[in-house]
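*Asks:* Order-wise, the sequence lines are chains R and W. Take the first sequence: its position 82, counting from 1, is numbered 71 in my numbering, and each next residue is one higher. Take the second sequence: its position 36, counting from 1, is numbered 99 in my numbering, and each next residue is one higher.
Accuracy of the hints is not assured; some may be wrong.
Label-pair distances were calculated between CB atoms; the ranges are [what the hints assert, rightly or not]:
hint : chain 1 : residue 1 : chain 2 : residue 2 : range
1    : W       : Arg111    : R       : Ala261    : 48 to 54 Å
2    : R       : Gly173    : W       : Ile89     : 51 to 57 Å
3    : W       : Glu167    : R       : Ser137    : 57 to 63 Å
Calculated from the structure, these hints are not laboratory results. What you are looking at is a predicted structure, and each value in this text was computed from that prediction instead of being measured. Every residue, glycine too, gets a C-beta built ideally from N, C-alpha and C.
For reference, the chains in residue letters:
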Amino acid sequence: MSTLFFIQFLNGLQLGVLLFLLAAGLTLVFGIMDFVNLAHGSLYMVGAFFCATLTFWTGSFVWAILLAIPLTALVGLALEVGVIRHLYQRDHLDHVLATFGFILIADTLVHLIWGPEGIAIPLPEFLRGQVEILPGVIFPTFRLVIISCGLLVAFGLYWLIGRTRLGMLIRAGASNRTMVSALGIDIKTLFTAVFALGAVLAGLAGMLIAPITEATIGMGNDIIITAFVVIIVGGIGSMKGAFIGALIIGLIDTLGRSFLDDILKLFIPINAAETAGPAISSMLIYLIMAAVLAFRPQGLFPPKVR
Amino acid sequence: MTDTTSAQLNDYLRAPDLFGSANGRIITLLFMAILLCVPLASYFLGIRLQLVSLDFITRILCLAIAAVSLNLILGFGGMISFGHAAYIGIGAYCVGIPAYHGFESGWLHFPLAIAASALFALVTGAISLRTKGVYFIMITMAFAQMGYYFFLSLDEYGGDDGLTIYSRSVFDIINIENKMVLFLLTYACLVASIYAVYRIVNSRFGMVVRGCQSNEARMKALGYNTYAYKLTAYVIAGGMCGLAGALLGNFTTFISPDMMGWSRSGELMFMVILGGTGSLFGPVFGAVAFVFIEELLSTFTTYWALPFGILLVLSVLFIKGGLNGLIQRGWRRG
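Let the hints inform the model, and build the full structure from the sequences given.
*Replies:* Okay, here's the thing in structure tokens:
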């Protein structure tokens, strides 16, 4: 039982860091540009497909990731300069609708280019195995790599936002956009850079998960909703909130799915528990979000100045 | 808090006419007549063209009712609900589940659909309306997703695979197994719901709800309990959409959780915006245009979603006031 729990805990952690990669971009784009981007999940999908193709071209998963990152950044750049830049002044409703249109466009373009089937990405030999982390606890190497990648990116973002000039501008932009541009900062370029950064993070998440789930059309459409749950639980615009929110949601979702019916069996009849368990566990993250919004409408860690 | 000019203020206070301008009246009535006559004509003449068939238009009409109900809160109340498809699903399951157990009376199904949807709206609205802006958009979406996963996990009623309704609701005065009767019933429900929204937004209650959209703080300062007003509008819209769901369930005779996924809610929002928010017939124009273009494109190419998505993005960027705005202006500028 405790071994199983530990493994599921790691699985939850892996989902959590993946959600963090997505939520970080969402929360940056929302916090700084006040832009709701439903199509963020499409960048996740695009990253996965780039990675798949490049893995077959270069023959190496690692090279594929290194090459797919700038490509995804380019896609984000083009998207921002082409259309999204013109939407910042509109209200949130227009953001939701326009990016909803983008999801359709992205899904169909991927269908046109890569075909309707999902693409499996073969892992290199050294990532394929399993490791014994603790005595008796065996865990796939690649999932550990995902977790460490995610944590590494989290540290990187912490450094970028807290310690660099770009990060200083990002923080300033989040608290007072008008003032930043009045001080002579090219706010347009800053916005484009932030959007491309978000695209890269989403794309990276897609590249990391694709070897496990395959790159498939519409793979971003479900997880993006979960990522929205994350940033709302964490507090929109807050990087710390996105990180803690992602870990909370990832762990609760994974642990809920594996243990909720066992827990329920302690309190209600077994039959009822087996029916209610899966139902409640799939609704669990939404229940948490509703509860957080009902009692703390600004999220758990709202950014200090908004 | 934006300050409004007196002209804008007049716009807010002016009661929405049933048809808008004189130009709008002609086109709107003509449009509603076409919507009634063309499918009937194609049915009696036996025209085998999907785009004018009775079945296709019935489906559009069901979605139009849902869009009209969403417009009540989105267009007139400024509540951007991203979970409106939940009520379609609830309404449909209120037909499917009793029918599965052998209760086939429409006098049970339809009131149940409306009541269950209104109840869901009451509970979720009471929580959602405590939030504002993007939080409201996302919490309504979250509640709809909860509904989606709830029905998805009901293995008894098909779960993921959906539930087939073997017999449509039984009314003792009309027989909706006949698809022309179902079409006429749906059409009547659409007209009734437009009229209901017309009466609501022109009533004192509707004035308060519209007031909340333009400036909620002022309405509060005037002493209105805006929360209660908005919640009531939210519940009415939910119940109305439940009706649309019951009709749609009867029409398709197959229901699945897919009817209430978040992309369905997005489509409903699109119909309302495309048609023109805050106009009475706008959502009908929007629903017809949306489904029509979707169907038309999908007959030409498998990749219909590409031009469709581009059209959606362009319509957000360039059509101000939706199709209804275009109709009211008579295709002229300004």
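*Asks:* Go ahead and decide if the range 57 to 63 Å is satisfied by the Cβ distance of W:Glu167 to R:Ser137.
*Replies:* holds, 59 Å
*Asks:* With respect to the beta-carbon atoms only, verify the hint that W:Arg111 and R:Ala261 lie 48 to 54 Å apart.
*Replies:* With Cβ atoms ~51 Å apart, the hint holds.
*Asks:* Could you say whether the range 51 to 57 Å given as a hint is met by the Cβ separation of R:Gly173 and W:Ile89?
*Replies:* Hint holds: Cβ distance 56 Å, inside 51 to 57 Å.
In terms of the numbered hints stated before, the structure departs from none.
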